[in-house]
Amino acid sequence: GENVEQHPSTLSVQEGDSAVIKCTYSDSASNYFPWYKQELGKRPQLIIDIRSNVGEKKDQRIAVTLNKTAKHFSLHITETQPEDSAVYFCAAELYGNNRLAFGKGNQVVVIP
Amino acid sequence: EAQVTQNPRYLITVTGKKLTVTCSQNMNHEYMSWYRQDPGLGLRQIYYSMNVEVTDKGDVPEGYKVSRKEKRNFPLILESPSPNQTSLYFCASSSPDARNEQFFGPGTRLTVL
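Taken in order, these protein sequences are the chains called A and B.
Basically this note's numbering = 1-based index in the first sequence + 1.
Basically this note's numbering = 1-based index in the second sequence + 5.
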């Protein structure tokens with residue numbers, strides 16, 4: 002089955018700096034890659050996603066890049082703010098039927 | 006308001022006492038899933054349903070049962086809970102018509118003593 006790995010497990014950044022989280026996946030058939038943000042005590046929520054027919058997608062301060070050849074995708078957060086502090090999960094779709102395999106999550110801490 | 010609801014939100018129980026965690030969505034989504042979240046292990050899928058009466062095991066199905074008799078409901082059943090099922094549980098729903106975004110419920114924190 003699909004195996005999704007995230008690096009690093011914890012990331013601390015100064016407010017205003019950029020944060021990058023990288024995920025690798027194993028199944029070359031996967032073609033949908035969402036990122037979820039989970040604030041402390043809350044449910045995961047989708048923040049951005051990308052499909053395999055594009056290499057990059059942006060939404061204000063966040064962006065996702067995809068390298069299908071290398072089987073990795075990354076989340077980029079620019080001009081980080083304290084409210085960006087959260088756990089971020091990457092995921093890859095299994096078998097083309099909307100089942101997702103999640104990574105173990107990255108704790109991002111933005112230091113004011 | 007479009008939402009996924011779960012009940013109860015918190016539950017403390019004892020080993021062997023059967024329990025059910027309910028999940029309901031009002032978005033007419035075809036797909037529903039149950040996940041458990043444990044520190045350092047991320048979100049692991051327990052069971053999955055593609056539609057009414059269609060369910061499939063996820064990565065960690067042992068000790069759990071599900072049913073999908075109606076499109077909106079997807080209860081999680083623990084017939085004989087054990088302490089290793091102490092966890093945070095999330096239900097989620099999605100649909101190809103909604104870009105396949107998974108909408109999560111608020112979570113159920115279960116403690117089995």
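Calculated from the structure, these hints are not laboratory results.
The structure presented is a predicted model; accordingly, all values stated were derived computationally and were not measured.
Check each hint, because a few of them may be wrong.
To be verified - Only part of the chain B face toward chain A is listed, based on derived beta-carbon distances under 7 Å: (1) Y36; (2) L48; (3) N56; (4) Y69; (5) A103; (6) E106; (7) F109; (8) P111; (9) G112; (10) T116.
Positions of the beta carbon are idealized from the N, C-alpha and C atoms, including for glycine.
Discussion item. For a quick check of understanding: which of the numbered hints are violated here, in increasing order?
Written reply: Hints 3, 4, 5 and 10 are the ones this structure does not satisfy, whereas the remaining hints hold.
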